[in-house]
Structure formats: C-alpha cells, structure tokens
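For the protein sequence lines, the chains are A and B, in the order given. At position 38 of the first sequence (counting the first as 1) the number is 130 in our numbering, and the numbers step up by one without a gap. At position 76 of the second sequence (counting the first as 1) the number is 78 in our numbering, and the numbers step up by one without a gap.
What the hints contain is simulated information worked out from the structure, not anything from laboratory work. All of these numbers come straight from a predicted model, not from anything done at the bench. Cβ atoms here follow ideal geometry from the backbone N, Cα and C, with glycine treated the same way. Possibly wrong hints are sitting among the right ones.
What the hints assert, rightly or not - Simulated restraints, written as ranges between beta carbons of each label pair: (1) Gly100(A) - Ser67(B): 39 to 45 Å; (2) Gly100(A) - Phe96(B): 28 to 34 Å; (3) Ile168(A) - Gly32(B): 33 to 39 Å.
Claimed, not checked - Listed below are several chain A residues computed to face chain B (Cβ distance under 10 Å; list not exhaustive): (4) Gln131; (5) Pro133; (6) Leu137; (7) Met140.
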Amino acid sequence: QVQLVQSGAEVKKPGASVKVSCKASGYTFTAYYMNWVRQAPGQGLEWMAWINPNSGDTKYAQNFQGRVTMTRDTSINTVFMELSRLRSDDTAVYYCARALGGYSHYYDLWGRGSLVTVSS
Amino acid sequence: DIQMTQSPSSVSASVGDRVTITCRASQGIGSWLAWYQRKPGTAPKLLIYAASSLQSGVPSRFSGSGSGTEFTLTISTLQPEDFATYFCQQANSFPITFGQGTRLEIK
Chain A
93 QVQLVQSGAE VKKPGASVKV SCKASGYTFT AYYMNWVRQA PGQGLEWMAW
143 INPNSGDTKY AQNFQGRVTM TRDTSINTVF MELSRLRSDD TAVYYCARAL
193 GGYSHYYDLW GRGSLVTVSS
Chain B
3 DIQMTQSPSS VSASVGDRVT ITCRASQGIG SWLAWYQRKP GTAPKLLIYA
53 ASSLQSGVPS RFSGSGSGTE FTLTISTLQP EDFATYFCQQ ANSFPITFGQ
103 GTRLEIK
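Chain A extracted, bound-state conformation:
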C-alpha cells in the first residue's frame, strides 16, 4: 500500500527542537522528492522544505533557513524534519508530502500529519 506514515504528536518547550519522521512504503523511496508542509491553527498551509531522497539535496523556505533540517535514511525509507529554536508560533500540524511524478511541485501523497505543540 502506497502511504506515508508520520510520527506521533509532540509537546515541546520554547527553545527546544523537534524531529518528525515520515516513513514511506509501497513505492520506490528514492524516486520521489519529499516535502514538509505545515498548518498552524487558523492559518493556511505553509511549505517548509524539500529533499531529494536519492542524493540528500535539500531546499528550505527562507522563513525557516537556519532552523530547519531535512534528512533521510534510505535504509528505512524515512525522511526526517528537525525544527530547532521552537517558538509558540511553531505550534502546527506538520505534513510530509510526496512530489507528483518524482520531482514536481505538486503533492500527490500526504501523510496524516504530526501535531507539534510548543508551550511552556
């Protein structure tokens, strides 16, 4: 079954870091770029980053430069998104999303989302 399974909810304190995982199954992991998109309460979707699982090359949104790191482990078909120096406005649901056709900027497969709550 083609799917993306994300890690569970996290509660973090301001200033801490969080690492969210997204495990792919049912397709060739290295053939499709993966993206991270988040949605804060009451806000729209916000694209954060993408990774080429084959090469490990990444691209980050300017808003998250220096705070976000995307990595992958091809042995377990999993991508990771680590966000550091968390703030309360980082409270959001974080989604991984696969690129249609391998490397487009359209997303044809999404995870169910991982809720990250930042609170003191």
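Using the hints provided, position chain B relative to the given structure of chain A.
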C-alpha cells in the same frame, strides 16, 4: 512571495449543484497551479495539477481552468462526498504557497 487568494472563503450548495471556486495569484504563474481537497482529519488530496490536469482517480466532475493570475475549480454536479475544504497552490516558484481555502458546505 506569491500570494494566493481564494474566493469565496466559504460557499453553501446542494447536492447536484454546480460550484466554482476562484484562486488568484499576486503575480503570473503560468499554469503552475494545483487544487486539493481536504476533509477533517484526513490528508489533503490532489485533484488538479498544471491548472487543468485531472489527477489519476479523481472523478471527472472536477475540472480546473485558467492561467496567469486567475484560476477556477469547478465541480459540475455536487455529490455528498464533495463537501470539504478546497485550496489552491502555486508551483511556479519558491516558496511554494497556498491559498487560504474555501469551505464547501451543505445548504
């Protein structure tokens, strides 16, 4: 960043109705636009890409049109399962940006 503005923000309609949702880009994006459907508690579903290409498995009652700065998503004959939130996304340039969504509600 390219701003994506959807209208209306919500719409009420009945089963069998024809519904059109509009998405405007703050600058020209060619045909680099997608539409997604989202239901509560589920992941977004790609409906349309490249402004008018129907994603595999999506019913033909969904269609997209437009180019440049103005785009539309049309649902020709609403079905009960179509009541959801719809949002657009530009794929022209980084950062990728999304519209705020249009909630389609049952009248």
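These are the hints, each one checked on the structure:
For Gly100(A) and Ser67(B), the Cβ-Cβ distance of about 40 Å falls inside the hinted range of 39 to 45 Å, so the restraint holds. Our hint of 28 to 34 Å for Gly100(A) and Phe96(B) holds, since their Cβ atoms are close to 30 Å apart. At about 38 Å, the beta-carbon gap between Ile168(A) and Gly32(B) stays in the expected band of 33 to 39 Å. Evaluation of the Gln131(A) hint against chain B yields a held restraint, the C-beta minimum of about 9 Å falling below 10 Å.
Among the interface hints, the one on Pro133(A) is violated; its C-beta lies about 13 Å from the nearest C-beta in chain B, farther than the 10 Å criterion. Interface hint status for Leu137(A): upheld, as the beta-carbon distance to the closest one in chain B is roughly 4 Å, under 10 Å. For Met140(A), the interface hint holds, since its Cβ comes within 10 Å of a Cβ in chain B; the closest pair sits about 9 Å apart.
The structure is inconsistent with hint 5 alone, although it conforms to all the rest.
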